[in-house]
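Trainee: Taking the hints as your guide, dock the two standalone chains into a single complex.
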Amino acid sequence: MNITLIYWLIPSLIMFCCGVYGFITRKNMIAMLISLELMLNAVDINFVLFNRYLFPGQMEGMFFTLFAIAIAAAETALAIAIIINIFRSIKTVDVQGIDKMKF
Amino acid sequence: MDYSQFLAMKQEIGLLIVFLLVFLYDTFMPRSAGKQLPVFASVLMLIFTAACCFCPCLAGSESAFAGMYETSAVIAAIKNILNIGVVIVLIQSVKWANSEEMAPRRGEFYELLLVTLFGMYLMISARHFLLFVIGLESASLPLAAMVALDKNRYESSEAAIKYILTAVFSSAVFMMGLSFVYALSGSLYFQNIYLALTGQHSTMLVLALAFVISGVGFKLSLVPFHLWTADVYQGAPTSVTSYLSVISKGAAAFAFLVILCQAFGAVYANIWEWMLYALIILTITVGNLFAIRQRNMKRFLAFSSVSQAGYIMLGVIAFNAMGLAALMYYILVYIFSNLAAFGVIGAIENATGKVSMDDYRGLSKTNPRLSLCMMLAMFSLAGIPPFAGFFSKFFIFTGAINQGSVAIYVLVLIALINTIISLYYYLLVVKAMYIAEEAPVVETFKSSCGERIGLWITIAGIIGLGIVSCVYNFLLDTTATSAINAYFM
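Chains as they are written, first to last, in my numbering: chain W, 1367 to 1469; chain S, -4 to 484.
The shape of chain S in the complex, shown without the other chains (with noise of 0.2 Å):
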């Protein structure tokens, strides 16, 4: 065996590199210097983030270990977005990760937090299923000690509980569609399942595709696979929801992507295209319409985050390159949307521990910074024109309307009238912080530092991206000349 393929995968390789500095600083250095490991840890990634953002030796293509692992200037890309998501995460959760509560397990947060972007890197570079199934697994595993990782709450127990069971279980049905395939096709390569399934049409296929759909759409929480969400969000800590609502999502929503184009191209339009069709009616409809009745913000978030879930994969059913751009560029932006609102949330739990969306009411008489935040992300989420979020929507929609069939028209319309519905119910918060005539329920208090260095930089997007057209330039340009191109029709 040629050990030197190994260095193809160079971005897995810095990340090791960041894990392992982490790792030995939390395990050889006194116990005084681990207040210092949040910010090491923010430090090093940072640096790892921006090695990979402007070192142009990782742009090109290359494949290794026979071609199960492939990475190409678009998944540089898709990498690089999450990695930028990852950093803010970090920075925000610096004061959490020193608080009493959490001194003993300081470091496993961070090392749990490192391995599973690795298990969501061989999920974004697989193309064969053994190396997806390890990336998946080892992305959901550990997530699941990190929701658990407030022992001496309750709830994040019974959150780490709903995710682990329901976790194993779509990753069993999951597993039972690979069979299927496998089967069908006689290779779990994605190219040779490709190449196999050309022209076939079987009821096998139909239930291989169904279970693998479902198996990765819990990981989405798109809608029958959804019920998990709510409750994992409420009960785990907020960074680490913050970081399952969008890293995660993110990276499972590429990988989706790249599975059904790679290996289920060939039946897009006789299969997986109504399958997937359905999914989105759903997930968008039903995540919108539970969001509007939630008074807890982080179940709330859940909700909205399940009916985004549903816009994401409108650039999965575009299936051209402009929807694979638009998805790329919608994940970015819904990084940064999502990553304020969930700012502002941890930094209102850290000072006063309330999370009620009836605790928000004042909020802009007594911390008129933080509910302007709070704005600002709500109206990008619901995507109002000057900010990023209306670009993003724009854009995807544009992708899928691309594809030109009329079922996508109607499609695109149902989503269009959902943004309406969901425009109410973030409102609502922006209603509930500036308008509710009640006395101020929080009172004033000072963000930690990391808090507001988090905050800038997620306003900072907010803002700049729907003004900077240059990045979904980049994005289209970078998905125009990929590889991935051959598979849409």
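Chain W extracted, bound-state conformation (with noise of 0.2 Å):
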């Protein structure tokens, strides 16, 4: 069997609405985050195919992801940080419990 590229493209779509599904749903600050990575990798490999099936005489694609991945790692500490310091604050990490400013 030919392996095409709607073949890989599946998983990614996936994994991105998998990942806006959590974002969404999930009620803990670490599983919104873990959606979010869900999200950003999804978007990483769409990338890396494209540039592998559609336009493979250039690295294009290939250099954003490495840029993408860093620019996750970024994010994903930065996140941690301010989730630790609110814990300090009311002992949860459940967004249940962030409702102190509202409309």
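Since the hints were made in silico from the structure, they are not lab data.
All of these numbers come straight from a predicted model, not from anything done at the bench.
Be careful, since some hints might not be right.
Covered stretches of chain W, going by a simulated chain S footprint (3 or more residues, C-beta under 8 Å) [to be verified]:
1. 1401 to 1409
2. 1413 to 1422
3. 1440 to 1446
4. 1450 to 1463
In this text, a Cβ means the ideal position worked out from N, Cα and C, and glycines have one as well.
Mentor: Structure, rendered in structure tokens:
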């Protein structure tokens, strides 16, 4: 069987949708962060795939992926630092706890 | 590789030098000298801004790194506008930075602020999406840390987590859109994307543009992506809020225009004009309606800034040189008006800790000069004639109308009606300060030197920019000769 681009795109699409679903439904902030990672990784897969299958002569997509991974790591580190700060104040990482400011 | 092309990034290098000097001062000077750091940073930034404004060598067009980075007279002008805003923010925040609470992390505020400004420079100058994403992230990640700077106050952390989670979500969506654009065009250079997309129309392209617009729309807090704005503005320290509301928004607005024109200009009429059309109507209307019911001044200004972002977007949808000039002028005027309002809020908060609109009742009796500043800021934001806000709205409406289609006339009409609604809630503040009969809540107090200088500058801007027409003419002349004009239809 010849594995074409579309077979690779389906997992990345599923990952992205799982990420969006998890971000919206999860109540735990760490779980929300994991969902965000899923979304970012789906983007990375997409870039690598498009580069490998559609434009094999160049490296632009691959390089973008490398930078995107680094950026995702920075984002996670910062978000976890802030979550720890919140945990120190209210002793929970549940999103239902952070509702002091509302409309 | 030819390393001399780094020298094309003159303004970035200047900013980096300012950053290094502040960093070295913060690290190596004795603790007793730390009190002078805010003044040191403000003066350095002021010198840098003045040098950028008056040095003619910056006005030339240059590009570096195989066209990934580009600078020109227009780009230098928008960076100078941001610099002016940053100088005012720094001057206004001297007292806050020197407070007891902030002493252990005084330097961090300045370092993070300069790094985010550097990211915004990259966003504005980028002509390749990789550089743009790096700029976008280095502008928004340190901002989350700045929002969380008030470590002992819980609201600050809550605002920061809301900001970082929505920022990462939107940047993931943005990059997903970019991957579609890459699949369609085979390149991430704006120029190549423009060429590849000419005449194209597919569902994938519509989806890609929707993702890209929502990603940048988050930074600008356009309406379906605005939900973080009020909470973050309320929870963040006031100096950070003022920075977030003017500088970050101004940079994102200009970068948005550059992306939409230079990368996606070829599909203006059949795709993104209509997306932006809907976004503008929603942003202006929802921002205004929610602003009416806010009692906290910072939340109130958050929703006011949401609707102002809608007006700024009129300059993008205009898609002509006048729209670009009007957008830059609007950002400049918005910086002065909004920083005047935040200057007053910050001064009152530093002195008494009060931020509710009810606390402003009878303010004119106890603090007449602060109330006068607030009133001028509100008049300018609402667009009442002698002040700069009127002219910025006038030019941005004219720019949009010059585009010529009937749909845009309707859009401008809706924006005009919304201006009247906004007048109501801006005048609520003025009414509370001047007309309310109740006894004043805030005692008479003397604001600090930095706050007063900042307010004087902003008031001079609000009144001066409305009268001195050469500023707008300068912007119009600069944009008329700029290379971006080739992309307008």
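Trainee: Now, for every hint given, state plainly whether the structure supports it.
Mentor: Cross-check of the supplied hints:
no.: 1; hint: 1401 to 1409; verdict: holds (count 5)
no.: 2; hint: 1413 to 1422; verdict: holds (count 5)
no.: 3; hint: 1440 to 1446; verdict: holds (count 4)
no.: 4; hint: 1450 to 1463; verdict: holds (count 4)
Against the hints set out earlier in the document, no violation occurs for any number.
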